[in-house]
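Go ahead and model the full structure; you've got the sequences and the hints to work with.
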Amino acid sequence: MIYQGKNVTINEPSCIGKNVILEDDVYIDAGVIIRDNVHIKQGSYIGSQSILGEYTADLLKNRKADNPILVIGEEAVIRSQCIIYGGTEIGEACQTGHGAVIREHNKLGHHVRIGTHCEIQHNCRIGNYVCLHSKVFLGEETELEDFVWLFPGVTVTNDPTPPSNTIDKVRICKFASVGARAVLMPGITVGNGSLIGAGSVVTKDVSEGMVVLGNPARVTGQTVDIKNKKTGEKAYPWPCYFNRNMPWEGQNYDEWIKCNNR
Amino acid sequence: MIYQGKNVTINEPSCIGKNVILEDDVYIDAGVIIRDNVHIKQGSYIGSQSILGEYTADLLKNRKADNPILVIGEEAVIRSQCIIYGGTEIGEACQTGHGAVIREHNKLGHHVRIGTHCEIQHNCRIGNYVCLHSKVFLGEETELEDFVWLFPGVTVTNDPTPPSNTIDKVRICKFASVGARAVLMPGITVGNGSLIGAGSVVTKDVSEGMVVLGNPARVTGQTVDIKNKKTGEKAYPWPCYFNRNMPWEGQNYDEWIKCNNR
Amino acid sequence: MIYQGKNVTINEPSCIGKNVILEDDVYIDAGVIIRDNVHIKQGSYIGSQSILGEYTADLLKNRKADNPILVIGEEAVIRSQCIIYGGTEIGEACQTGHGAVIREHNKLGHHVRIGTHCEIQHNCRIGNYVCLHSKVFLGEETELEDFVWLFPGVTVTNDPTPPSNTIDKVRICKFASVGARAVLMPGITVGNGSLIGAGSVVTKDVSEGMVVLGNPARVTGQTVDIKNKKTGEKAYPWPCYFNRNMPWEGQNYDEWIKCNNR
Chain C
13 MIYQGKNVTI NEPSCIGKNV ILEDDVYIDA GVIIRDNVHI KQGSYIGSQS
63 ILGEYTADLL KNRKADNPIL VIGEEAVIRS QCIIYGGTEI GEACQTGHGA
113 VIREHNKLGH HVRIGTHCEI QHNCRIGNYV CLHSKVFLGE ETELEDFVWL
163 FPGVTVTNDP TPPSNTIDKV RICKFASVGA RAVLMPGITV GNGSLIGAGS
213 VVTKDVSEGM VVLGNPARVT GQTVDIKNKK TGEKAYPWPC YFNRNMPWEG
263 QNYDEWIKCN NR
Chain L
13 MIYQGKNVTI NEPSCIGKNV ILEDDVYIDA GVIIRDNVHI KQGSYIGSQS
63 ILGEYTADLL KNRKADNPIL VIGEEAVIRS QCIIYGGTEI GEACQTGHGA
113 VIREHNKLGH HVRIGTHCEI QHNCRIGNYV CLHSKVFLGE ETELEDFVWL
163 FPGVTVTNDP TPPSNTIDKV RICKFASVGA RAVLMPGITV GNGSLIGAGS
213 VVTKDVSEGM VVLGNPARVT GQTVDIKNKK TGEKAYPWPC YFNRNMPWEG
263 QNYDEWIKCN NR
Chain G
13 MIYQGKNVTI NEPSCIGKNV ILEDDVYIDA GVIIRDNVHI KQGSYIGSQS
63 ILGEYTADLL KNRKADNPIL VIGEEAVIRS QCIIYGGTEI GEACQTGHGA
113 VIREHNKLGH HVRIGTHCEI QHNCRIGNYV CLHSKVFLGE ETELEDFVWL
163 FPGVTVTNDP TPPSNTIDKV RICKFASVGA RAVLMPGITV GNGSLIGAGS
213 VVTKDVSEGM VVLGNPARVT GQTVDIKNKK TGEKAYPWPC YFNRNMPWEG
263 QNYDEWIKCN NR
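Chains as they are written, first to last, in the numbering used here: chain C, 13 to 274; chain L, 13 to 274; chain G, 13 to 274.
Just so you know, not all the hints are guaranteed correct.
One copy or any two copies: either way a pair holds, since identical chains are not told apart in the list.
Here are the simulated DSS-like cross-link-like pairs (lysine-lysine), alpha carbons at most 25 Å apart as the crow flies [stated by the list, open to error]:
1) 216 / 242
2) 242 / 181
3) 18 / 241
4) 30 / 76
5) 76 / 239
6) 246 / 186
7) 242 / 270
8) 30 / 270
9) 216 / 241
10) 119 / 241
11) 18 / 242
12) 76 / 270
13) 73 / 30
14) 119 / 186
15) 246 / 181
16) 18 / 181
17) 270 / 186
18) 241 / 181
19) 76 / 181
20) 30 / 181
Hints in this document: simulated from the structure, not taken from any laboratory.
Listed below in structure tokens is the structure:
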């Protein structure tokens with residue numbers, strides 16, 4: 013450890029490496045392993061049996077090499093049994109479920125949520141307020157813009173002719189929502205605010221605001237036409253009807269847009 | 013710990029919280045973490061690196077709050093690396109695989125099996141002799157009646173317009189069997205003794221005793237017409253042909269029904 | 013422990029059982045649990061919080077019985093949080109991701125890769141240079157020949173009339189490649205060098221070199237006609253275009269074939 017702030021708690025047993033920075037009010041629960049070169053910012057909670065700064069393949073080949081730095085932002089909640097590699101940077105207020113694996117050289121924005129048993133391969137770019145529900149898999153180089161939601165078991169691929177050396181990355185634009193167990197094929201772009209039905213296999217680009225469904229997925233309509241069956245009210249664009257854990261929580265989305273001049 | 017029965021084994025290292033009851037013949041393997049307010053009944057085995065009484069989100073916000081009570085019934089086998097939250101109640105003779113996550117305020121009957129890497133979200137109701145094979149995901153409020161079988165990777169959803177605040181729960185009736193990787197859409201009811209084919213996406217209610225298949229799933233027949241290809245004998249209703257780990261093990265189902273006056 | 017070779021490292025805390033053989037240059041990272049009767053060959057790395065020689069159901073019933081022997085070959089990299097049962101035999105240079113579970117009585121060849129959150133049930137036979145990407149599930153008795161690739165979330169089933177006592181095993185032949193989230197139905201054989209599209213549900217045998225797609229999967233062409241969209245070159249048979257981690261790495265496949273007289 014090189015720096016430990018005020019009011020830091022470290023429960024035993026735990027293993028803390030070299031060059032570790034634990035800022036004020038960090039809480040490390042029992043059984044955590046922190047490798048070298050990990051920086052945990054103020055107020056973060058690290059759940060039991062998590063491993064932070066996990067070794068990349070390069071480090072396993074050369075154990076004397078320097079572990080790339082892992083940075084975990086302020087007020088994070090990393091739940092138990094997660095593994096996060098060195099070389100990754102996670103913004104403020106990240107929350108994870110259990111057993112999630114986040115590989116090296118990923119960059120996650122602030123207020124990102126990563127569900128139980130998710131895996132994020134290396135070199136992904138993930139925006140702010142993105143929500144990955146449980147068991148999501150993101151292939152390397154995936155790009156998720158702000159406010160994207162992926163529901164349980166979504167799989168984002170990247171190899172058009174497996175196995176190959178080609179990476180054809182998927183990009184999902186703002187406010188898009190991808191239903192449970194959907195598979196996104198390599199190279200596709202999912203447009204702003206679109207909705208992909210559960211269990212779909214998406215083989216082509218999806219245009220802004222469209223609904224696609226099936227295997228292979230076909231356009232079945234537009235999100236603006238979807239209504240909540242119980243209330244009869246519109247359900248999309250979802251930010252107008254849903255605000256839990258969103259920056260417009262407690263006010264409506266339109267007001268928030270105005271206040272933020274967007 | 014407040015109570016430890018006879019012949020209790022606790023392997024080191026392990027962390028045992030306050031107000032923990034370990035009844036007679038409980039065996040705690042190495043590396044287990046038990047939070048406060050956990051009650052483990054007679055003869056149960058808790059595998060290495062499991063976490064019992066895991067903190068709910070409320071507890072993480074207010075670490076001085078009381079952990080809701082976790083009760084694990086008699087003769088349970090909780091295999092290594094499982095996480096079970098406080099506020100859940102599990103009946104007698106439960107068996108789990110590895111790395112399963114069971115959230116808070118779930119109620120599981122007796123003789124339930126939960127496979128490796130399963131996740132049960134909060135507020136589910138699970139009957140007796142239910143079997144979840146590996147990698148099953150149950151969204152919150154799911155209801156599974158007695159003798160339901162879900163095969164590997166089945167995903168049970170609950171949000172009809174994701175993301176939203178609406179929960180439209182799935183209910184699966186007695187003796188229904190759901191094939192590997194099937195996805196059940198929000199709000200559907202799967203009838204008694206029906207069979208859902210592997211890889212199906214079920215978008216509508218399934219009637220009693222029917223077979224459904226495909227994406228979207230369509231009725232293809234009735235379970236009573238399905239035969240075992242090798243023997244030529246009928247395969248359903250499955251309780252008449254299968255009894256391993258069932259209460260009629262060692263006798264046939266008809267006899268058991270008679271003995272139980274059902 | 014009964015034998016410890018030269019230059020063995022064991023990080024604390026860790027639990028090492030009886031009759032454990034650690035050959036030269038073995039490295040055991042912090043938090044590992046090794047049960048009785050485990051043999052780890054030269055130069056292998058065992059990642060933190062892994063459990064080796066995990067108890068079979070028989071052992072849990074009779075804790076005085078002898079754990080069947082687990083053998084891990086030379087130069088293995090078992091990453092953190094994996095669980096490998098007793099009674100399994102793993103060849104040289106195996107690599108795993110995190111949280112993989114490998115049950116009892118499996119036989120894995122050399123240079124096998126097992127991704128994060130995979131599960132291999134018991135009595136499987138896995139050839140050399142097989143690659144299972146993340147979250148793959150193999151039902152018991154599955155047979156994978158040399159150089160088979162299964163991509164993220166592939167599910168291999170085995171019960172034709174679930175639940176039943178019948179096992180109808182899947183067999184995947186050399187060089188076949190199975191796309192993400194595909195489901196293979198019980199009893200099918202996937203032919204040499206064939207390609208199964210992501211998200212497919214394969215209900216019939218697949219002939220050598222064919223491409224199949226969809227739910228249910230249908231033949232859409234032959235692998236030899238698939239081209240890399242960027243380069244315009246052929247992409248299959250993949251060994252001619254891809255050599256990373258393969259025995260022909262650094263030379264081309266044809267040369268390797270000649271050198272090996274195959």
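So, going through the hints one by one against the coordinates:
Taking CA atoms no more than 25 Å apart as the test, residue 216 paired with residue 242 passes between copies only; the shortest distance there is 17 Å, against 32 Å inside one copy. In the homo-oligomer, the alpha carbons of residue 242 and residue 181 lie at most 25 Å apart only across protomers (13 Å), although the nearest pairing inside one protomer, at 38 Å, exceeds that limit. In this homomeric assembly, residue 18 and residue 241 never come within 25 Å of each other (Cα to Cα): the closest approach is 51 Å inside a single copy and 56 Å across copies. Proximity of residue 30 to residue 76 under the C-alpha cut-off of 25 Å is restricted to the intra-copy arrangement: shortest distance 13 Å within a copy versus 32 Å between copies.
For the homomeric pair residue 76 and residue 239, neither the shortest alpha-carbon distance inside one copy (58 Å) nor that between copies (42 Å) is at most 25 Å. Within a single copy, residue 246 and residue 186 get their C-alpha atoms as close as 19 Å, which meets the 25 Å cut-off; across copies the closest is 35 Å, which misses it. When the C-alpha separation of residue 242 and residue 270 is checked against a cutoff of 25 Å, the pair qualifies neither within a copy, at 30 Å, nor between copies, at 44 Å. In this assembly of identical chains, the alpha carbons of residue 30 and residue 270 never lie at most 25 Å apart, being 47 Å within a copy and 50 Å across copies at closest.
When the C-alpha separation of residue 216 and residue 241 is checked against a cutoff of 25 Å, the pair qualifies only between copies, where the shortest distance is 15 Å, while the shortest distance within a copy is 29 Å. In this assembly of identical chains, the alpha carbons of residue 119 and residue 241 never lie at most 25 Å apart, being 38 Å within a copy and 29 Å across copies at closest. In this assembly of identical chains, the alpha carbons of residue 18 and residue 242 never lie at most 25 Å apart, being 50 Å within a copy and 55 Å across copies at closest. For the identical chains of this complex, residue 76 and residue 270 are neighbours neither inside a copy (53 Å) nor across copies (39 Å), given an alpha-carbon limit of 25 Å.
When the C-alpha separation of residue 73 and residue 30 is checked against a cutoff of 25 Å, the pair qualifies only within one copy, where the shortest distance is 19 Å, while the shortest distance between copies is 29 Å. For the identical chains of this complex, residue 119 and residue 186 are intra-copy neighbours only, at 17 Å inside a copy versus 38 Å across copies, given an alpha-carbon limit of 25 Å. For the identical chains of this complex, residue 246 and residue 181 are inter-copy neighbours only, at 20 Å across copies versus 33 Å inside a copy, given an alpha-carbon limit of 25 Å. In this assembly of identical chains, residue 18 and residue 181 lie within 25 Å of each other by CA distance neither inside one copy nor across copies; the values are 43 Å within and 45 Å between.
In this homomeric assembly, residue 270 and residue 186 come within 25 Å of each other (Cα to Cα) only inside a single copy, at 18 Å, whereas the closest approach across copies is 52 Å. Taking the shortest alpha-carbon separations for residue 241 and residue 181, only the inter-copy value of 14 Å comes in at or below 25 Å, while the best intra-copy value is 36 Å. In the homo-oligomer, the alpha carbons of residue 76 and residue 181 never lie at most 25 Å apart, since the shortest distance is 33 Å inside one protomer and 45 Å across protomers. In this assembly of identical chains, the alpha carbons of residue 30 and residue 181 never lie at most 25 Å apart, being 35 Å within a copy and 48 Å across copies at closest.
Comparing the model with each earlier hint shows violations of hints 3, 5, 7, 8, 10, 11, 12, 16, 19, 20; every other hint is respected.
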